[in-house]
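Sequences and hints are given; from them, build the entire structure.
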Amino acid sequence: MWNTKLLPNDMDLIRRFSKHATIAGAIMALVGLVMIFEPLYASLFTVSLAAWLMVFSGVSAGFFTFQTNRGDMMGWLKAVILIGTGLFILFYPKLGIVALGMLFAIYFLLDGFSGIAMGSASRPAAGWWLWILNGLLSLVLAVIFLLSWKSIEETAWLIGIFVGISLFFDGFTLLFMGNVFRNMKDE
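First residue of the sequence shown: 0, per numbering that gives the first Met the number 0; consecutive thereafter.
Worth flagging that the hints you see were computed from the coordinates, not collected in a lab.
Some clues are possibly wrong.
Simulated restraints, written as ranges between beta carbons of each label pair [to be verified]:
1. 125 x 79: 45 to 55 Å
2. 55 x 124: 38 to 48 Å
3. 102 x 135: 13 to 23 Å
4. 33 x 147: 20 to 30 Å
5. 33 x 94: 23 to 33 Å
6. 73 x 181: 43 to 53 Å
7. 102 x 75: 49 to 59 Å
8. 119 x 145: 41 to 51 Å
9. 152 x 87: 17 to 27 Å
10. 90 x 113: 46 to 56 Å
11. 65 x 120: 43 to 53 Å
12. 10 x 65: 45 to 55 Å
13. 123 x 91: 43 to 53 Å
We put the CB at the ideal spot given by N, CA and C, even for glycine.
This is the structure we're talking about:
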C-alpha cells in the first residue's frame, strides 16, 4: 500500500500520491496529537466506537439472516453475540478498555513487524529507514504496553498515549514521503 518502490514513473500518479500522502499524514498526525494530550477521553471514544460498530454489525447480521434464511441459527447467534458484546462494552466500558488494551498490544506487534518489512522492501528508496524506525517504535510500544498492563486506568491511559504516538509517527512518515514525492515530481 505505501511501498514507494513499486510506484511507476507516472508523474500524475506521483503527484496524486504526494498530495494524498500529505493530507492523510497531516490528519493522522493531528489525531495522534489529540490522543496524546487527551488519552483517557481517546480511550473511551475508541472503546465506544468499537462497541457501536459491533452493535451495527450485529443488527446488519440479523437483518441479513432475516432476509436470507430465518432458520439459520448460526446467523442469529452471530447477530446476538455481536449486539450483546457491543451493548456490554457500552454499559461496562472499563472492561472493554481492558480487552481493547490487549488487542492494541497485538496490533502494535503486527504493526511493528509490517513496518520493518515495508522499510526493508523499500530499501534503498528515500525514506526507507523511516518505515523501519516506525516499525521499531511500534514494537517498543507493544512491549511497554504488555509490561505496564496493571490497571484499567493505566490501560486506558496507555491506549490513548500509545495509539496517539503511533498515529502521530505514521502521519509524520506519510508527510515526509509526500514531501519526497513532491520533490520527485519537480525534478
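Each hint tested on the structure:
Between residue 125 and residue 79 the beta carbon distance is about 51 Å. The supplied range of 45 to 55 Å therefore holds. Against the hinted window of 38 to 48 Å, the Cβ-Cβ separation of residue 55 and residue 124 comes to about 40 Å, which satisfies the hint. The given range of 13 to 23 Å is respected by residue 102 and residue 135, whose C-beta atoms sit roughly 21 Å from each other. For residue 33 and residue 147, the Cβ-Cβ distance of about 22 Å falls inside the hinted range of 20 to 30 Å, so the restraint holds.
At roughly 25 Å, the beta carbons of residue 33 and residue 94 sit within the given window of 23 to 33 Å. Checked against the given bound of 43 to 53 Å, the beta carbons of residue 73 and residue 181, roughly 51 Å apart, stay inside it. Between residue 102 and residue 75 the CB atoms are about 26 Å apart, so this pair departs from the stated range of 49 to 59 Å. Take residue 119 and residue 145: their Cβ atoms lie about 25 Å apart, and the range 41 to 51 Å is violated.
With their beta carbons about 20 Å apart, residue 152 and residue 87 fall inside the hinted range of 17 to 27 Å. For the pair residue 90 and residue 113, the beta carbons lie near 34 Å from each other, so the given range of 46 to 56 Å is not met. Separated by about 45 Å at the C-beta atoms, residue 65 and residue 120 satisfy the suggested range of 43 to 53 Å. Judged by the Cβ atoms, the range 45 to 55 Å given for residue 10 and residue 65 holds: they are separated by roughly 51 Å.
Hint check: residue 123 to residue 91, Cβ distance near 50 Å, so the stated range 43 to 53 Å holds.
Of the hints listed earlier, those the structure fails to meet are numbers 7, 8, 10, in rising order.
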